[in-house]
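Listed in order, the protein sequences are those of chains A and B. Count the first sequence with this note's numbering and you get residues 493 to 1034, in order. Count the second sequence with this note's numbering and you get residues 178 to 505, in order.
It is worth saying that the hints were derived from the structure and are not from the lab. These figures come from a predicted structure and were not determined experimentally. Take the hints with a grain of salt, since some may be wrong.
[Stated by the list, open to error] With a straight-line Cα cutoff of 25 angstroms, these simulated DSS-like cross-link-like pairs (lysine-lysine) come out:
1. A:K533 <-> A:K640
2. A:K599 <-> A:K640
3. A:K578 <-> B:K282
4. A:K515 <-> A:K533
5. A:K515 <-> B:K208
6. A:K957 <-> A:K921
[What the hints assert, rightly or not] To list a few chain B residues with every Cβ distance to chain A over 10 angstroms, as calculated:
7. P285
8. G306
9. Q421
10. R456
By construction, the Cβ of each residue, glycine as well, lies at the ideal position given by its N, Cα and C atoms.
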Amino acid sequence: MTSVSASQLIYTRVEPAFSPVAKSGFQTVYRGRELSDGVVKAIEERVQCYYPTNSSPRLQFFQLTTGEVVLSHSVAIPSHAEIIDKDRRPGAFLAHALVLSRAEYFKTENYPFAIFDHFNFVEDPEQMVNVFGKANGSANQVTIHTQKPSPPSTPAWNGAELAKLVSLAMNAPSLVENGQGVLFTGQAAIIRETVATALWFVPRTQRLACSFTTCSSRCPTQQGWYWGVGSDARRNTSFRATVVDVEQKRVSGSEESRSRSSFYLDWFQSTVIKGDISQACQWGPTMQQLEEAFHTGYTLRASELEDSACFEFLSQNNRMVWQRITASIASQLSKDVAASIVTYLTRLPASDLGPCELLQIAASQQISPTVLSEIAVSWLKADRTQVPDNDSSVLQRLARQTDNLELLFLASTLCRKADTKGRDEALEKMTQRSYHSVLELLLDPLVPADFIASPHRTRLLRDRKLHQMSDEQYVALAQALITINAFADLVELSWYVDRLDEQHLHQIEKLIKGIDSVPAQFQQVVSRRREALGPRRFFGLL
Amino acid sequence: MLSIFSKRIVCPYCLAEIRSPRTVSSCPKCKQEIPIRYASEYDEAPPFFAQVFGWSQVGKTVFLYALTLMLRQMQNVWPRYFPAPANDVTQEKLREISEYLANGKMPPMTQPGPQDVYIMILKNMERWGGRTLVTRDCAGEIFDTMRVPVEQAPYLLNAPTTFMLLSLADMPNSGGRTIDFLMTNYINTLMHNGIDFKREQRKLVVVLTKGDVIPNLPPNLRNYLVTDPLWAAVTANQRTGLRQLDGMAMAEYLETMGRVSDFIFDWIQRDAFGKSFVRLAADKNIDLRFSIISSTGAAVDASGTMPEKLAPRRVLDPYFWALDLQSH
């Protein structure tokens, strides 16, 4: 739910006792004190003519030259003898207008029906006096609680006609500028529904231009006032009009050419023309946000996007998206690493990708270090290729910046010469879970000795993959244990001693010679192997 | 260069002067379509621009309705006379007027903003021949200010005669307004728009509306109202005896109107505000004529329904004044 603040203005006919200036006649009876005379006059000009043709209210939406947005709701009212007209003449109406700043209105995503559908406009003279008082002329600001709009009901629309309608809405600025617009003909309630449908499918930054009045019968409308004008029947307009018959759901007249290409409009048109209006409803908001994000840098929130729509956008704009992601990564790592990471990402199955998250990165051309470090870990674990020294340093820096110990370990080890400092720093702090995760790289390609400096090394020492290690790797492993004084752990490696050849047995003997802390069990195993191999030969001689 | 034989007409919408050797179909200035009969019969029935001026609820719209009704009915009175609407909105308005009167409902309140232009061609009126009546209703709210928005009362500046409607019956409940305020607003508006009263004499037909409910109306004026021979003439039938009014009868009628105007001129100055009203006009050399009318014939009831038997009284008087003033 979103709350917006608005100023109010009530325009109707009153008798002197109810007039702020003690005069009878049509007038602004209540107004927010914050509204200037110019704003009031501009609103009066638009609302003062109203000849309702049925019981549906007239809705008007327009923007003033001063920037405020106005939403007005007008109804025919009974000619109350005391409040409205002592002669009780027919023809009275009440216009209740809300005036919002651009910033407030933007909270509704520029969708006027978020307010029209959720605000209780005054519709009766007695209600008006009860709410605002008698003749005080003042209307307080009001807070309106709006909801996110639901997709419109569009079952009766033919895809091609709906595409034309939305195209007209998206071309509103150029239409109005060129003295053109849309005439909606039919019942007021259906005109309202049609306009709401059209605006729902228009990206929010373009909705402001779609000013409208749902009822203009017998009232002149100045050129440039509205994009869309409603009437119960065809009528002459002050602009060249494309006619939309809201009851037949048909758009007549030539389709206007677009002033700029639009991914969203192309997608929308192709989707509805092939008959998939429900998909347009479901994916529309995501596609709108994506288009806005890629054009204006609007910050996407991946959680608000529809996954399937993101996939579709990604597949339609594959090259552009990945170029932007590469650039984002390259701003923090090298171009080569960025390219490698992107290559890895593009190979992933669709189900493994977070398409909305990827698009968020591509749109903003920024990737948070935390996200980048997680991606880098996935890439390193998948590719397992050696990283150039420079890149290794950069990755280590990133890892430390983001407290990503897995990345620190991998960046320190998957390089030409392991950076033992970085490696051991990561191992010492790493959780058991992370340790088990990096252990996947044991002997593919990392050597066992690279995993020693961890309090969780028991898992390593019992890993069956060790059966594939070479004698050099065994010796290095034993050396690493001895270096950190983990003598007791040598016992866990006893089983391998019987495989050692002469050379490597001798290396083990040298390692443990003179160290009292080496467990007796291990020493015995080594001795046994020595007995089996016989005394050490020097250059082939005894 | 336009030929001296070019036809000259005034656009009924924007009042621009149009010169053309042929009958024009649209105004080059405002682009509105000119009704064909208006343009082609311009010389036989030159336009008569009727501008009403008066506060809200004084009865401007009802007056125009009643005037239109009477003008249609005068076919029963003037031997060769006939009216004809010149455009669609006028024909629609005639239909609306008939419907309202048939249902006994008051016409709707007039909304601020530009109104439709009604054009009715009146042929072969006794005394005045052919005229095209061009009217545009106005919302009374616009006359509340000393600078009336002339774009909403477009004939105010150009029409030589203006109908100023006053409802004396409503004055006590008008929030402290007095009749001289209206004269002030009229004079100020014209001066703001460049009218020089010294060089151009303006003519004002002051119409006292709702005559049937004016309190303390002198008996002779009340009697004048109820004994409207024109209403009797238009409603006459074979049984009561048809009566037509020729030129001489019209001259007598006009003479009576003159006496009534003089009487009202004196009567209205019985208080300070009336004196002020008249003196303001005199100061600007405004030619005043007075008439008293009842557009409905009796009071409108609390539900807004007009009297069962609608009987407009003397509603043609202001129109006759304006025609006569323009003829001299």
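Going down the list of hints, with the structure as the test:
no.: 1; hint: A:K533 <-> A:K640; verdict: violated (32 angstroms)
no.: 2; hint: A:K599 <-> A:K640; verdict: holds (10 angstroms)
no.: 3; hint: A:K578 <-> B:K282; verdict: holds (14 angstroms)
no.: 4; hint: A:K515 <-> A:K533; verdict: holds (17 angstroms)
no.: 5; hint: A:K515 <-> B:K208; verdict: violated (37 angstroms)
no.: 6; hint: A:K957 <-> A:K921; verdict: holds (24 angstroms)
no.: 7; hint: P285; verdict: violated (3 angstroms)
no.: 8; hint: G306; verdict: holds (34 angstroms)
no.: 9; hint: Q421; verdict: holds (36 angstroms)
no.: 10; hint: R456; verdict: holds (25 angstroms)
Checked against the numbered hints given earlier, this structure breaks hints 1, 5 and 7; the rest are met.
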